[in-house]
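Each residue of the sequence shown is one higher than the last, beginning at 0 in numbering that gives the first Met the number 0.
None of these hints come from the bench; they were simulated from the model.
One or more of the hints may lead you astray.
Stated by the list, open to error - Pairwise CB distance ranges (calculated):
#1 259 / 72: 27 to 37 Å
#2 225 / 57: 14 to 24 Å
#3 51 / 154: 43 to 53 Å
As the list claims (entries may be wrong) - Listed next, the in silico DSSO-like pairs over lysine-lysine satisfying Cα-Cα at most 27 Å (straight line):
#4 174 / 163
#5 258 / 203
#6 117 / 47
#7 124 / 163
#8 203 / 174
#9 98 / 47
#10 258 / 174
#11 120 / 174
#12 63 / 159
#13 147 / 124
#14 199 / 86
#15 47 / 63
#16 163 / 203
#17 199 / 117
#18 98 / 203
#19 124 / 174
#20 154 / 86
#21 203 / 159
#22 147 / 120
#23 48 / 203
Here a beta-carbon is modelled for each residue, glycine too, at the ideal position from N, C-alpha and C.
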Amino acid sequence: MYRLMTLVLGAALALTSSIAGAVTPLRLATTTSTDNSGLLDVLLPKFKKATGISVHVIAVGTGKALRLGANGDVDVLLVHAPPAEMKYMHAGHGVNRRKVMYNDFVIVGPASDPAGIKGGKDAVKAFEAIAQHHATFVSRGDDSGTNKKELILWKDAHIKPSGKWYRAAGQGMGKVLQIAGELNAYTLTDRGTWLAYEDKVPLKIVVQGDARLFNPYHVIAVNPNEYSDVDYTGAMQFIAWLTSVPGQREIRDYRLHGKQLFHPTAITKQ
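Required output: the full structure, derived from the provided sequences and hints.
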């Protein structure tokens, strides 16, 4: 009887271990824009259907996503801050960085447009006008890709924003849009998240079309030579699918309010 119970217990433990291994999800650290826009809700079920791999999403600013990768806390990254990404790669934290898609940033603000920038296409001049008028501006303030782009624009305008008119929220893009709406303020947002929130906030696009607002996304596997316990095989399967014809087609075809949010760059002709 004891031997039988031992065998049963051993089989149960083996089965539990097998099941646990089978359902361990791939850990993806990504910018809030891919999450807030609804894109991941479309991509991840298709990826799981194709590979059997489920994905646990950690949606944070790009800066924090890169730190998670550098610490070996995730397996793969989907981010949008090329200068920071290249520092991450040069430090040896990532491998197999691949182009995935792009959209652009836009400046949104209240219909009253106190800075008088509506209809402009020069983001730096728009920031100069916002500062000159002390018009309320809500910054992500979270070291995200959007925050990094915003700080570059302030630097190009030779302005160090400060004072009551400049609010650092330390929040994701969706929350910042809500805060900006409540304060009748300006903010910088990626177009994908804007399209997901434009019906929820009393703001309008006031500046768009500047080449400096280009917003590319890349996918990066965490370097298994730094952390042997990362799921490198799963990360490479994710990269392969995301940059394949089916993955790129899903990105191309994703729409909100009839508008395309992201444009694929791994495969441009499909």
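Practice problem: Please work out if residue 199 and residue 117 have their alpha carbons no farther apart than 27 Å. | Solution: With Cα atoms ~20 Å apart, residue 199 and residue 117 stay inside 27 Å; holds.
Exercise. Sort out whether residue 159 lies within 27 Å of residue 203, counting only the CA atoms.
Key: The given pair, whose Cα atoms are some 25 Å apart, holds under the 27 Å limit.
Quiz prompt | Proposed proximity, residue 159 with residue 63 (alpha carbon, max 27 Å) | solution = holds, 23 Å
Quiz item: Between residue 117 and residue 47, is the straight-line Cα distance small enough, at 27 Å or below?
Solution: It is violated: about 43 Å lies between the C-alpha atoms, which goes past 27 Å.
Exercise. For the pair we were handed, residue 47 and residue 63, check the Cα-Cα distance against 27 Å.
Key: holds, 25 Å
Self-check item: Straight-line alpha-carbon gap residue 48 to residue 203, limit 27 Å
Solution: Measuring from Cα to Cα gives roughly 38 Å; hence the hint is violated.
Quiz item: Are residue 147 and residue 120 close enough, with their CA atoms no more than 27 Å apart?
Solution: holds, 20 Å
Quiz prompt | Distance restraint between residue 124 and residue 163, which requires alpha-carbon spacing of 27 Å or less | solution = holds, 21 Å
Quiz prompt | Pair hint residue 98 and residue 203, alpha-carbon separation not exceeding 27 Å | solution = violated, 30 Å
Self-check item: Given pair status - residue 86, residue 199, alpha carbons within 27 Å
Solution: violated, 37 Å
Quiz item: Does the structure keep residue 124 and residue 174 at a Cα separation of 27 Å or less?
Solution: Given pair residue 124, residue 174 holds - Cα atoms ~26 Å apart, limit 27 Å.
Practice problem: Assess, step by step, whether the Cα of residue 174 is no farther than 27 Å from the Cα of residue 163, and give holds or violated. | Solution: Holds, because 19 Å separates the two Cα atoms, which is no more than 27 Å.
The earlier numbered hints that this structure contradicts are 6, 14, 18, 23.
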